[in-house]
Amino acid sequence: SIPGIGEHIVKFSQQIEESLKTFMVPGGLFEELGFTYVGPLEGHRLDYLIKNFQNVRGLEGPVLVHVITKKGKGYKFAEEKPLSYHGIAPFDVETGQAHASASVFPAYTEIFGKTLVELAQDDQRLVAITAAMCEGTGLEQFQKAFPQRLYDVGIAEQHAVTFAAGLAVEGFLPVVAIYSTFLQRAYDQILHDVCLQNLPVIFAIDRAGIVGEDGATHQGIFDYSYLRSIPNLIVMAPKDENELRHMLKTAVSCRSPVSLRYPRGKGVGAKMDKKIKTLKIGKGEVLRKGSDLAVIAIGATVYPALAAAEKMAGEKVSVEVINARFVKPIDSAMILNTARSFKKIIIVEENVLQGGFGSAVLEMLAEKSVGNVKIKRLGIPDEFVEHATQAQLRHKYGIDEEGIIRAIKQMLK
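First residue of the sequence shown? That's 578 in our numbering, and the numbers climb one at a time after it.
Rather than coming from a laboratory, the hints here were simulated on the basis of the structure. Where is the CB? At the ideal position from N, CA and C, for every residue including glycine. Check the hints yourself; a few may be wrong.
Here are the computed distance ranges between Cβ atoms for each label pair [as the list claims (entries may be wrong)]:
1. E717 - F682: 48 to 56 Å
2. K953 - E609: 56 to 64 Å
3. Y764 - G731: 37 to 45 Å
4. E963 - C831: 31 to 39 Å
5. D791 - G651: 17 to 25 Å
6. F961 - P617: 34 to 42 Å
7. G611 - G846: 53 to 61 Å
Can you build the whole structure from these sequences, using the hints too?
Shown next as structure tokens:
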């Protein structure tokens, strides 16, 4: 035999074997990382799964069990439309149809999606980015209208933000449609890749505030606090679905980073203006004049504040209601005027109190040496919000109509 040839043949054969194994068996990567790979297993055979789990219990070292399932398995409607049953409200099991909602008004998510399509028709720079949440963020219509202008980056929020920054550098106007709780994952990218460069990226933050039954992990109650500390970033929240349209138009007109947050669920039934207008940055509005006490509300808390003021009017109490609109920059002039006109002010927000909108107001008043005014903040205390309906949670934390009325009465004692 020729010396050395046999060794080369053996080595070459081993390389072919490893290549074929890696190609045919999906666990090759994990075995290279030191895992014992088991699978893939049929995920809908309970007895089979139990047997395999019992077998791997005695193995030493890290073990990866690869189980394959089919979303909606066993229920025809869910198998046919798995995305529609990802997070489902009560529905008729026989027909698969969701029970009629108590509200006939369109959802904020729907209004956002339609408005974005409308704006994109007139602005070729507009592109949309989602992190595997096209349907959840209301981008289906945009995808149909502009399939080449929608980018789904998968479950990679950090990449979504940095990718948006890159598009902005190239002259595009990217809109990152994302849930509040998921945007937290990309804080560093927001700060360094977007805001430090002062790039025109729009963050359309859905499911902001209390989201209800999705539980503690999905409550969007931190974004005011973690966003308003970042330089160059405009932070705003609409009082209703009509103002959402105007704020999206305003965000498009800006040449800097903008965050626009809106709640889960249906709108309030606001009259929709035919023409979308641009709002003045950092300017709020007085919705109801009063003389006894002022309530400064923002976002989803504005309408409960108006309802509370209406109820108090029946008790001969005159309450002024202000829609702040902007967390950053706040309307310092309007708030200063309010603090000088009223001795008692209530601030309402659907965000944690630490570092939120109320904190921004107090910081500004302290900076301006404004004293001799009593201020009560209503919002989420220093705790994680657990599972319950939106109505139950808003009632618990006193940011619904009843809670605001209670705060008004306590302030006036």
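K953 paired with E609, Cβ distance criterion 56 to 64 Å | Holds, at about 60 Å.
May I ask you to test the hint 34 to 42 Å on the CB atoms belonging to F961 and P617?
-> Because 36 Å falls inside the window, the suggested range holds.
In this structure, is the beta-carbon distance linking G611 and G846 contained in 53 to 61 Å?
-> holds, 58 Å
Could you check the hint for me, namely that E963 and C831 are 31 to 39 Å apart, CB to CB?
-> Holds - the Cβ-Cβ distance for E963 and C831, about 37 Å, lies within 31 to 39 Å.
With 37 to 45 Å as the target window, see if Y764 and G731 comply at their CB atoms.
-> violated, 19 Å
May I ask you to test the hint 48 to 56 Å on the CB atoms belonging to E717 and F682?
-> Distance hint for E717, F682 is violated at roughly 19 Å.
How does the Cβ-Cβ distance of D791 and G651 compare with 17 to 25 Å: does it lie in that range?
-> At roughly 24 Å between Cβ atoms, G651 and D791 fall inside 17 to 25 Å, so the hint holds.
In this structure, the earlier hints numbered 1 and 3 are contradicted, and the remaining ones agree with it.
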